Amino acid sequence: DSGVTQTPKHLITATGQRVTLRCSPRSGDLSVYWYQQSLDQGLQFLIQYYNGEERAKGNILERFSAQQFPDLHSELNLSSLELGDSALYFCASSSIGGTEAFFGQGTRLTVV
Amino acid sequence: GQQVMQIPQYQHVQEGEDFTTYCNSSTTLSNIQWYKQRPGGHPVFLIQLVKSGEVKKQKRLTFQFGEAKKNSSLHITATQTTDVGTYFCAGPALTGGGNKLTFGTGTQLKVEL
Chain A
1 DSGVTQTPKH LITATGQRVT LRCSPRSGDL SVYWYQQSLD QGLQFLIQYY NGEERAKGNI
61 LERFSAQQFP DLHSELNLSS LELGDSALYF CASSSIGGTE AFFGQGTRLT VV
Chain B
113 GQQVMQIPQY QHVQEGEDFT TYCNSSTTLS NIQWYKQRPG GHPVFLIQLV KSGEVKKQKR
173 LTFQFGEAKK NSSLHITATQ TTDVGTYFCA GPALTGGGNK LTFGTGTQLK VEL
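Chains as they are written, first to last, in the working numbering: chain A, 1 to 112; chain B, 113 to 225.
These are calculated hints, taken from the structure and not from any lab test.
Careful: at least some of the hints might be erroneous.
Simulated pairs of lysine to aspartate or glutamate, EDC-like, Cα-Cα distance not exceeding 20 Å [claimed, not checked]:
hint: 1; chain 1: B; residue 1: K169; chain 2: B; residue 2: E224
hint: 2; chain 1: A; residue 1: K57; chain 2: A; residue 2: E75
hint: 3; chain 1: B; residue 1: K182; chain 2: A; residue 2: E100
hint: 4; chain 1: B; residue 1: K168; chain 2: B; residue 2: E127
hint: 5; chain 1: B; residue 1: K168; chain 2: B; residue 2: D195
hint: 6; chain 1: B; residue 1: K148; chain 2: A; residue 2: D1
hint: 7; chain 1: B; residue 1: K148; chain 2: B; residue 2: E179
hint: 8; chain 1: B; residue 1: K222; chain 2: B; residue 2: E129
hint: 9; chain 1: B; residue 1: K182; chain 2: B; residue 2: E166
hint: 10; chain 1: B; residue 1: K169; chain 2: A; residue 2: E100
hint: 11; chain 1: B; residue 1: K163; chain 2: A; residue 2: E100
hint: 12; chain 1: B; residue 1: K148; chain 2: B; residue 2: E129
hint: 13; chain 1: B; residue 1: K171; chain 2: B; residue 2: E127
hint: 14; chain 1: B; residue 1: K222; chain 2: B; residue 2: E127
hint: 15; chain 1: B; residue 1: K168; chain 2: A; residue 2: E75
hint: 16; chain 1: B; residue 1: K169; chain 2: B; residue 2: D195
hint: 17; chain 1: B; residue 1: K148; chain 2: A; residue 2: E100
hint: 18; chain 1: B; residue 1: K182; chain 2: B; residue 2: D195
These numbers come from a predicted model, not from an experiment.
Please work from the sequences and hints to get the whole structure.
So this is what it looks like as structure tokens:
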């Protein structure tokens with residue numbers, strides 16, 4: 001158990017809908033990262049937050065947004081969903097000064 | 113942008129055979145990390161290498177960081193069925209105060225009895 005909690009584990013939704021994925025980092029970790037993993041794209045970095053502020057951005061679509069709250073949990077919002085958004089979405093956290101990432105179990109999103 | 117490639121993409125071995133995956137970055141890395149993802153699981157941190165030419169061992173696993181800090185390798189001696197999974201290398205890219213960890217394309221290892 002990495003100590004990173006993600007909910008829900010599975011999500012099935014229709015095209016055009018909006019979903020919110022939730023992540024609680026390891027106790028004491030200020031950094032939260034979101035990754036998308038699909039079969040043909042590997043692990044793609046989406047966005048990083050550090051203590052509530054956005055710090056780094058990857059190839060995150062404009063339809064996607066994220067935030068980190070004062071209690072350090074983070075949410076990834078995906079809107080106007082398309083079939084191609086079906087993937088595993090991982091959240092990871094790291095400690096202050098550390099670069100290694102500790103991953104949650106992931107949320108498997110299926111868009112139908 | 114930074115790209116990290118791994119070869120091979122897939123590897124099937126018989127139990128007891130050795131296995132090696134190679135990682136190459138388009139840019140010099142401050143460090144290289146390795147992760148293992150079991151089928152149906154999440155990536156799990158294995159190790160971090162920082163120094164040029166560094167070699168680290170974890171039981172049957174040997175990790176190496178290239179002299180130019182742009183490539184790395186993971187070698188498994190005498191594979192076991194428990195080694196099955198996808199192995200990723202990852203390199204950090206400092207961007208505007210953030211820490212973007214770019215993952216390699218991964219090598220999927222299958223071990224047959």
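Cross-check of the supplied hints:
1. B:K169 to B:E224: Violated, at about 24 Å.
2. A:K57 to A:E75: The hint holds at about 15 Å.
3. B:K182 to A:E100: With a Cα-Cα distance of about 18 Å, the restraint between K182 (chain B) and E100 (chain A) holds, given a limit of 20 Å.
4. B:K168 to B:E127: Outside the cut-off at roughly 23 Å; violated.
5. B:K168 to B:D195: 18 Å, holds
6. B:K148 to A:D1: Given pair K148 (chain B), D1 (chain A) holds - Cα atoms ~14 Å apart, limit 20 Å.
7. B:K148 to B:E179: Distance of about 24 Å is beyond 20 Å: violated.
8. B:K222 to B:E129: 11 Å, holds
9. B:K182 to B:E166: The given pair, whose Cα atoms are some 12 Å apart, holds under the 20 Å limit.
10. B:K169 to A:E100: Since the Cα atoms of K169 (chain B) and E100 (chain A) sit roughly 18 Å apart, the hinted pair holds (cutoff 20 Å).
11. B:K163 to A:E100: The hint holds at about 16 Å.
12. B:K148 to B:E129: Since the Cα atoms of K148 (chain B) and E129 (chain B) sit roughly 19 Å apart, the hinted pair holds (cutoff 20 Å).
13. B:K171 to B:E127: Distance ~16 Å between K171 (chain B) and E127 (chain B) Cα, so the pair holds.
14. B:K222 to B:E127: Roughly 9 Å between the alpha carbons, so the hint for K222 (chain B) and E127 (chain B) holds.
15. B:K168 to A:E75: Not satisfied, since the Cα-Cα distance of roughly 36 Å exceeds 20 Å.
16. B:K169 to B:D195: Holds: K169 (chain B) and D195 (chain B) sit about 15 Å apart, inside 20 Å.
17. B:K148 to A:E100: Satisfied, since the Cα-Cα distance of roughly 13 Å is no more than 20 Å.
18. B:K182 to B:D195: At roughly 25 Å apart (the allowed maximum being 20 Å), D195 (chain B) and K182 (chain B) break the hint.
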